[in-house]
Amino acid sequence: MTDATFSPTDAALGGGEPPFDVREWLRLETMPHFMCPGCGHGIALRTMLWAAHDCGIDKDDLAVVCGIGCSGRIGGYIDANTFHTTHGRPLAFATGLKLARPDLTVVVVTGDGDCLAIGGNHLIHACRRNLDITCLMLNNEVYGMTGGQVSPTTSAHRITSTTQAGNFEPTFDACRLAEAAGAGFVGREVTRQAPALKSLIARAIRHHGFSFVEVMSDCTEIYGRKNELGEAPEMILGQKADMRPEVYNDAPDRPFRPNALPTGVFVERGLPEYGDSVRAHVAAVRTGGTGR
Amino acid sequence: MTTATLSASAPGAQTSSATLTALHGNHACALAAIAAGCRFFAGYPITPSSEIAEHLSYELPKVGGTFVQMEDEIASIAAVAGASLGGLRAMTATSGPGFSLMQENIGYAAMTEIPLVIVDVMRGGPSTGMPTRPAQGDVMQARFGSHGDRPVVALAPASVQEIYEETIRAFDIAERLRTPVTVLYDQVIAHLLESVAVPAPGAVRVIPRKWANGASGPFRPYEAGDDGVPPMVRPGDGHRSHTTGLTHAETGFPTQTPAVVDRMMRRLLGKIDANRALVERFATRATDDADVLIVAYGITARAARRAVDVLRAEGVKAGLFRPITLWPFPEDALKRAASGAKSVLVPEMNAGQLVLEIERVLGGAAPVRRLNRIDGEPIVPHQIVAAVKEIFS
Numbered sequence: 001m002t003d004a005t006f007s008p009t010d011a012a013l014g015g016g017e018p019p020f021d022v023r024e025w026l027r028l029e030t031m032p033h034f035m036c037p038g039c040g041h042g043i044a045l046r047t048m049l050w051a052a053h054d055c056g057i058d059k060d061d062l063a064v065v066c067g068i069g070c071s072g073r074i075g076g077y078i079d080a081n082t083f084h085t086t087h088g089r090p091l092a093f094a095t096g097l098k099l100a101r102p103d104l105t106v107v108v109v110t111g112d113g114d115c116l117a118i119g120g121n122h123l124i125h126a127c128r129r130n131l132d133i134t135c136l137m138l139n140n141e142v143y144g145m146t147g148g149q150v151s152p153t154t155s156a157h158r159i160t161s162t163t164q165a166g167n168f169e170p171t172f173d174a175c176r177l178a179e180a181a182g183a184g185f186v187g188r189e190v191t192r193q194a195p196a197l198k199s200l201i202a203r204a205i206r207h208h209g210f211s212f213v214e215v216m217s218d219c220t221e222i223y224g225r226k227n228e229l230g231e232a233p234e235m236i237l238g239q240k241a242d243m244r245p246e247v248y249n250d251a252p253d254r255p256f257r258p259n260a261l262p263t264g265v266f267v268e269r270g271l272p273e274y275g276d277s278v279r280a281h282v283a284a285v286r287t288g289g290t291g292r
Numbered sequence: 001m002t003t004a005t006l007s008a009s010a011p012g013a014q015t016s017s018a019t020l021t022a023l024h025g026n027h028a029c030a031l032a033a034i035a036a037g038c039r040f041f042a043g044y045p046i047t048p049s050s051e052i053a054e055h056l057s058y059e060l061p062k063v064g065g066t067f068v069q070m071e072d073e074i075a076s077i078a079a080v081a082g083a084s085l086g087g088l089r090a091m092t093a094t095s096g097p098g099f100s101l102m103q104e105n106i107g108y109a110a111m112t113e114i115p116l117v118i119v120d121v122m123r124g125g126p127s128t129g130m131p132t133r134p135a136q137g138d139v140m141q142a143r144f145g146s147h148g149d150r151p152v153v154a155l156a157p158a159s160v161q162e163i164y165e166e167t168i169r170a171f172d173i174a175e176r177l178r179t180p181v182t183v184l185y186d187q188v189i190a191h192l193l194e195s196v197a198v199p200a201p202g203a204v205r206v207i208p209r210k211w212a213n214g215a216s217g218p219f220r221p222y223e224a225g226d227d228g229v230p231p232m233v234r235p236g237d238g239h240r241s242h243t244t245g246l247t248h249a250e251t252g253f254p255t256q257t258p259a260v261v262d263r264m265m266r267r268l269l270g271k272i273d274a275n276r277a278l279v280e281r282f283a284t285r286a287t288d289d290a291d292v293l294i295v296a297y298g299i300t301a302r303a304a305r306r307a308v309d310v311l312r313a314e315g316v317k318a319g320l321f322r323p324i325t326l327w328p329f330p331e332d333a334l335k336r337a338a339s340g341a342k343s344v345l346v347p348e349m350n351a352g353q354l355v356l357e358i359e360r361v362l363g364g365a366a367p368v369r370r371l372n373r374i375d376g377e378p379i380v381p382h383q384i385v386a387a388v389k390e391i392f393s
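Chains as they are written, first to last, in my numbering: chain H, 1 to 292; chain Y, 1 to 393.
Wrong hints could be hidden among the right ones.
Straight-line alpha carbon distances no greater than 25 Å define the calculated SDA-like cross-link-like pairs of lysine to any residue that follow [said to hold, decoys possible]: (1) H/Lys226 with H/Gly42; (2) H/Lys59 with Y/Pro230; (3) H/Lys59 with Y/Tyr222; (4) H/Lys226 with H/Arg206; (5) Y/Lys210 with H/Asp60; (6) Y/Lys62 with H/Val282; (7) Y/Lys271 with Y/Glu113; (8) H/Lys226 with H/Ile159; (9) Y/Lys335 with Y/Phe392; (10) Y/Lys335 with Y/Arg370; (11) Y/Lys62 with H/Asp60; (12) Y/Lys317 with Y/Ser339; (13) H/Lys59 with Y/Pro221; (14) Y/Lys62 with H/Val285; (15) Y/Lys335 with Y/Thr257; (16) Y/Lys62 with H/Glu273.
Away from chain H, derived, C-beta distances all over 12 Å, residues of chain Y [said to hold, decoys possible]: (17) Pro45; (18) Val63; (19) Glu223; (20) Arg234; (21) Gly270; (22) Ala286; (23) Asp291; (24) Gly315; (25) Glu331; (26) Asp332; (27) Lys335; (28) Arg360; (29) Arg370.
These are calculated hints, taken from the structure and not from any lab test.
Ideal Cβ positions, reconstructed from N, Cα and C, are used throughout, including at glycine.
Using the sequences and the accompanying hints, generate a full structural model.
If you want it as structure tokens, here you go:
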């Protein structure tokens, strides 16, 4: 870095020892990344690496499994074992990988369309099994990669390229879905609050079981613009309706997420972890305790 | 029980003492998978393949392997790919409808060069069709089911013994060529009870996967040697490589540079052609002086073999060419077998699928006739005998 005033470390944010340097976690040769100016996914990328750092994970033992879409491209930038799989299926790929390699820390990065629409069935069964995987669902309320179509989390009345008169479909509450399906850990945080998001992701990674984290991101270029939600600062500040400070009162009076979903840890419960159950079953069969 | 010898022609299997055991086809498939080193199975129940999953659900834990029943066939093949990426020999088993659902991820495994085995026990189609009736309707799905051009290997055993051998061979080919391999057989052989020479435990030769060595300097995970097959990266070994279904360069990262795309695609497709000797397997019966050559595979080849014997006894010079490898099709072997034939007959339990490839290979050298049965019943010998006699009438 030539700009001495800019530090990519989290020293200013009171980071721990050794200090977090995002450059150590990135494939710098893949930079600059392809995400649009103001896109929250860059914050999500940095924050998840920060959390991995805080958890003391060795890059060699980190597997990042992504689906398809803007969120799916996150993995390619990370200096770890990274897998860019098929649309909606990263949780299914990750299930096989984690069962084969319980020694790896497996983090799935997915989006609202990838995880809740085409991959919805895999999400509920991943929650039910409770295998030790951390799932980060980057929710930007839209299919960004394909040009801005309506998604299962698009807020009411929003204009998208397939709801040009406004969205009339109800939306998913992904966290309540994950809780009902049996996930051991469920939480939500906004990219605006990176330290809080980092802590949440770190807690999710440390949790022994399936962890679902909804990361409230934003799409400035083809969602915010179309819906007159302001520029990147307004959108980021508007990720929660009650977080919009007075200094931004010249922003349009249309908070990004009018339904103001709650944030924080909603579920943290010690349910049987699927890999443990599988290994206990194998051990029992091999000692003649069960099976045929 | 008597001692016999496993067919010496089965690559991947050592010639050694074996135990003759009565097995159903699907049971033989499950035991062969274990013998071949399979340590991960993910699947979804579907007739007439379910016994493979059922047997593996209790055979795999015995050897420390993992069985998981997934939420659908899409998840099953994805989990199998994930487990293979993690380092385990892995497989799934299904039937036509499930095979259809798997096609996208089969293409992903071909593109990213993940070794895995898919067993497709064919039943009457299309759609839900006739779940408990046999058919050979997935021959072209095995070849063209996934979008784009991709390397394809499909093996078609004709007996329970051959299910055992071809399942072992499927793992061997998948691992050595880093590609998905499909084992195709029908409901009849799946549920047929026959004697199988089961090798002694540990007698099947399992070649370890070719892994990339530890990290040192710039690493290009998709750079292949002379055999066209790059070594695989084992997560945790320090290479930290990227795997993507996007068209990628030797670096593993996406590219759209025409020259690089062309080079990568030709290497991907070419690795099968370059290893045809490993992949192709076929059998012949009385083809040397045959006037009429019957080309049949799977259960239909059993009827064809009987028909050849009946016709020979009546003085008709009939012969049988039986491809065991359907894809890539053993072209040269068929041309040799058909070189003296005045006519070729292709009986199939479908409306005419492999016959299209046979017509292409023979290029009009001999007239190719069809015998198709699509009523859920296997083709019987007298049908083939009658069809041959009609040719010469």
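Hints, one by one, checked against the model:
1. Simply put, H/Lys226 and H/Gly42 have alpha-carbon atoms about 21 Å apart, close enough for the 25 Å limit, and the pair holds.
2. Annotation: proposed proximity of H/Lys59 to Y/Pro230 holds, straight-line Cα distance about 23 Å (limit 25 Å).
3. Only pairs whose Cα atoms come within 25 Å are accepted, and H/Lys59 paired with Y/Tyr222 is accepted, the gap being roughly 21 Å.
4. Taking the CA atoms of H/Lys226 and H/Arg206, the gap is about 39 Å. The hint is violated against a cut of 25 Å.
5. At most 25 Å may separate the alpha-carbon atoms for a hinted pair to count; Y/Lys210 and H/Asp60 meet this at roughly 19 Å.
6. The straight-line distance between the Cα atoms of Y/Lys62 and H/Val282 is roughly 7 Å, inside the 25 Å bound, and the hint therefore holds.
7. Restraint check for Y/Lys271 and Y/Glu113: the C-alpha separation of about 11 Å stays at or below 25 Å, so the hint holds.
8. At roughly 7 Å between alpha-carbon atoms, H/Lys226 and H/Ile159 fall within 25 Å of each other, so this suggested pair holds.
9. The straight-line distance between the Cα atoms of Y/Lys335 and Y/Phe392 is roughly 22 Å, inside the 25 Å bound, and the hint therefore holds.
10. Using a Cα cut-off of 25 Å, the hinted pair Y/Lys335 and Y/Arg370 holds, with the two alpha carbons roughly 18 Å apart.
11. With a C-alpha separation of about 31 Å, the suggested pairing of Y/Lys62 with H/Asp60 is violated against the 25 Å cut-off.
12. Of the supplied pair hints, the one linking Y/Lys317 and Y/Ser339 holds, its CA atoms being roughly 14 Å apart against a limit of 25 Å.
13. A C-alpha spacing of about 17 Å is found between H/Lys59 and Y/Pro221, which places the hinted pair at or below 25 Å, so the restraint holds.
14. Between the alpha carbons of Y/Lys62 and H/Val285 the distance comes to roughly 6 Å, so the proposed pair stays at or under 25 Å and holds.
15. Straight-line distance between C-alpha atoms of Y/Lys335 and Y/Thr257 comes to about 39 Å, which puts the hinted pair past the 25 Å bound.
16. Distance check on the hinted pair: Y/Lys62 and H/Glu273 sit about 21 Å apart at the alpha-carbon level, within 25 Å; holds.
17. Listed as outside the interface, Y/Pro45 is consistent with that label: its C-beta sits roughly 15 Å from the nearest C-beta of chain H, beyond the 12 Å cut-off.
18. Listed as outside the interface, Y/Val63 is inconsistent with that label: its C-beta sits roughly 8 Å from the nearest C-beta of chain H, within the 12 Å cut-off.
19. Listed as outside the interface, Y/Glu223 is consistent with that label: its C-beta sits roughly 17 Å from the nearest C-beta of chain H, beyond the 12 Å cut-off.
20. Y/Arg234, annotated as away from the interface, has a beta carbon of chain H within 12 Å; the closest lies near 9 Å.
21. Look at Y/Gly270: its CB is around 24 Å from the nearest CB on chain H, clear of 12 Å, so calling it non-interface holds up.
22. No beta-carbon of chain H is positioned within 12 Å of the beta-carbon of Y/Ala286; the least distance is around 45 Å.
23. Chain H leaves Y/Asp291 outside its interface by the beta-carbon criterion, the shortest separation being 50 Å against a cut-off of 12 Å.
24. For Y/Gly315, the condition that its CB be more than 12 Å from all CB atoms of chain H holds, with the nearest at approximately 54 Å.
25. Every CB of chain H lies more than 12 Å from the CB of Y/Glu331, the least distance being 32 Å, so the non-interface label holds.
26. For Y/Asp332, the non-interface assignment is confirmed: its Cβ lies about 36 Å from the closest Cβ of chain H, beyond the 12 Å cut-off.
27. Annotated as non-interface, Y/Lys335 keeps its C-beta farther than 12 Å from every C-beta of chain H; the closest such distance is 39 Å.
28. No Cβ of chain H comes within 12 Å of the Cβ of Y/Arg360; the nearest lies about 31 Å off, and the non-interface call holds.
29. The non-interface label for Y/Arg370 is consistent with chain H: the shortest C-beta to C-beta separation is roughly 37 Å, beyond 12 Å.
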